[in-house]
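Participant: Sequence lines, in order, name chains A and B.
Each residue of the first sequence is one higher than the last, beginning at 0 in numbering that gives the first Met the number 0.
Each residue of the second sequence is one higher than the last, beginning at 0 in numbering that gives the first Met the number 0.
Any given hint might turn out to be false.
To be verified - Here are the simulated lysine-lysine pairs, DSS-like style, with alpha carbons at most 30 Å apart: (1) B:Lys41 <-> B:Lys206; (2) A:Lys50 <-> B:Lys113; (3) A:Lys56 <-> B:Lys293; (4) B:Lys293 <-> B:Lys206; (5) A:Lys176 <-> B:Lys206.
No lab work stands behind these hints, which were simulated from the structure alone.
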Amino acid sequence: MTAAAARRKTLGVIAEFPSATTLYQAAERVRDKGYRFWDVHSPFPIHGMNKAMGLGKSPLGYIIFCGGLTGFLTAASLEFIPSSFLYPLIVHGKPVNFFTVPAFFPVMFELTVLFSAFTAFFGVFVMNRLPRLHHPIFDYEQFRRVTDDAFFLIIEASDPRFSDTVTREFLEEIGGKDVTLLYEHD
Amino acid sequence: MAETHAPATVPFEERLPRPPMVLNNRSMSWITNLIAGIPEQKTPLWWYITIAITGSIAAFGVFCILYLLFTGVGVWGNNIPVGWAWDITNFVFWIGIGHAGTLISAILFLCRQKWRTSINRASEAMTLFAVICAAIYPGIHVGRVWMVWFMAPVPNPNWIWPNFRSPLLWDVFAVSTYFTVSVLFWFLGLVPDLATMRDRARSKVGKFFYGLLALGWRGGNRQWRHYEMAYLILAGLSTPLVLSVHSTVSFDFATSLIPGWHTTIFPPYFVAGAIFGGFAMVLTLMLPARSIYKLHDVFTWNHIDVMCKIILLTGSIVGYAYTMEFFVAFYGANPFERFAFINRYFGPYWWAAWSMFTCNVVIPQLFWVRAFRRNLITVFFVCMCVNAGMWYERFVIIAVSLTRDFLPSSWGMYYPTWVDVMTFAGTFGIFTTFFLIFIRFFPMIAMSEVKTVLPEADPHYHPPAIGGTESIKEAHV
């Protein structure tokens with residue numbers, strides 16, 4: 000096993016923490032140590048963890064704003080082009096020019112919301128690089144409990160400060176249990 | 000008076016601790032086992048019996064719809080002047096029920112009402128199924144169902160475009176957007192829980208399907224960061240959306256000239272009524288599920304209590320709207336409007352209007368009493384009354400207003416046929432069948448969200464000394 004393991008590429012090192020509190024404190028330590036490619040895994044989003052990890056606010060909001068703007072412009076063109084140019088039909092004696100815009104508000108609103116919602120939905124998965132049905136950390140049997148009640152901290156081997164020995168000792172020092180090296184697939 | 004005040008040094012939280020969201024200090028894995036255990040267990044016998052019944056009703060409803068499509072709208076009781084009858088009544092009834100789910104998932108989220116976590120998943124599912132039932136009606140009531148695509152603004156050889164100034168077209172956009180956004184919101188919330196199902200699955204089929212649907216979710220904070228932002232923004236988008244949908248539905252009536260329809264009070268009145276009826280339906284579905292699956296520690300009496308208070312509040316808003324409508328008809332000096340309201344309460348359909356008023360305004364007043372909010376029988380009784388009352392409300396507004404409009408020579412009565420009745424029953428069959436399938440295969444409570452309301456989910460939580468604050472919490476329940 001160890002010989003086979005040695006030939007494989009290291010993915011990173013994983014440590015388990017007993018609670019959200021200990022994970023939070025460990026994340027602050029890892030952040031202060033200057034690691035860059037690492038993550039904490041928990042069954043639920045932990046309040047304030049972005050700060051503990053040194054991550055800022057998600058930029059998703061700006062992307063969704065662009066999606067919403069697209070929706071608004073789509074609705075405006077969808078309504079004005081047929082109603083004012085292609086087939087200007089006078090209904091209820093209402094105008095066909097710009098002054099009919101109040102009657103167009105509901106569809107503009109709906110399409111703004113629709114496009115924003117689609118952007119939010121697909122945006123979150125694109126930003127998270129999902130769907131990705133398999134990931135090497137799923138090979139670590141303990142990791143199954145992350146969706147139940149377990150808390151993990153992983154430092155990836157691609158991190159410039161990563162070292163098989165020093166990082167392991169560091170994770171043990173900050174309270175990590177079952178500190179284990181993870182390997183990529185052959 | 001002074002002795003009733005606790006010393007100023009005792010923090011407020013200790014003098015009046017918040018009731019816990021999850022009772023008996025349950026652990027995270029207990030919650031996972033309880034909720035994920037429901038789809039994992041062997042299918043119970045009652046489920047087969049219930050779905051056989053509801054499935055048969057749904058099948059008969061589908062038969063009625065096909066009969067309508069192959070024969071024509073004449074199989075319904077619709078006539079002139081009552082061109083909109085049970086079809087639109089049922090459409091508005093079902094779409095209204097959906098609103099509670101979005102209110103719970105979006106508006107209560109923005110208001111940081113953490114108790115929503117126990118009921119939001121099931122309510123959102125209920126929203127989807129109710130909107131499916133609602134969407135059937137506008138599709139089939141047009142008669143020539145193969146012409147339904149005319150509602151969509153697509154280029155066509157006739158060179159005809161829909162009228163974007165028509166509330167009916169706004170409705171098409173509002174309802175389809177509402178359904179789509181509700182599906183996206185529901186599925187996004189489901190992903191972390193599907194990952195739980197994936198990680199627990201033992202069968203090959205379970206591993207495959209839950210694994211596929213979970214999209215490879217790993218619960219990393221770099222994922223949660225975007226996830227929480229998307230969830231927040233979807234909640235922010237759904238909030239005006241849910242208020243706009245029933246407003247748009249009410250525009251179908253409010254922008255017309257029929258006495259009893261042509262009123263500006265309709266949008267807020269419809270939205271309050273929708274939330275009112277929807278909460279009653281959530282409780283109607285969730286109280287049996289709570290008893291069957293022993294969810295008492297997660298879906299507690301405190302949850303039922305606050306939901307009853309919302310029913311009381313929205314029911315009173317609806318009651319205010321009924322009275323104000325009547326007052327405006329009296330005060331507004333429009334003889335047709337005044338006649339419409341006298342006819343509504345004292346005309347041939349007086350029984351429908353008074354059933355509506357009793358079920359929606361009078362009976363929910365029971366919820367002023369705490370004992371009635373914490374008694375299964377009274378809560379269920381009031382919810383059933385509200386379900387019926389909200390249907391009557393739509394019937395009274397839509398059909399009864401049409402029976403007697405401006406000209407007495409064009410008055411007429413409306414009588415439903417067996418196809419009307421069975422189609423409506425069929426939508427209940429479709430609704431309950433979908434809900435049964437949902438609770439059988441999906442976690443019906445949002446596990447990942449319930450875990451966030453446990454005290455130990457707070458990263459600054461310190462476990463209390465044994466026998467400390469625990470006893471206070473128990474006593475408060």
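Participant: Now, for every hint given, state plainly whether the structure supports it.
Facilitator: These are the hints, each one checked on the structure:
1. B:Lys41 <-> B:Lys206: holds, 16 Å
2. A:Lys50 <-> B:Lys113: Between Lys50 of chain A and Lys113 of chain B the Cα gap is close to 22 Å, so the pair holds against 30 Å.
3. A:Lys56 <-> B:Lys293: With a Cα-Cα distance of about 39 Å, the restraint between Lys56 of chain A and Lys293 of chain B is violated, given a limit of 30 Å.
4. B:Lys293 <-> B:Lys206: holds, 26 Å
5. A:Lys176 <-> B:Lys206: Given pair Lys176 of chain A, Lys206 of chain B holds - Cα atoms ~28 Å apart, limit 30 Å.
Of the numbered hints stated above, the single one contradicted by the structure is hint 3.
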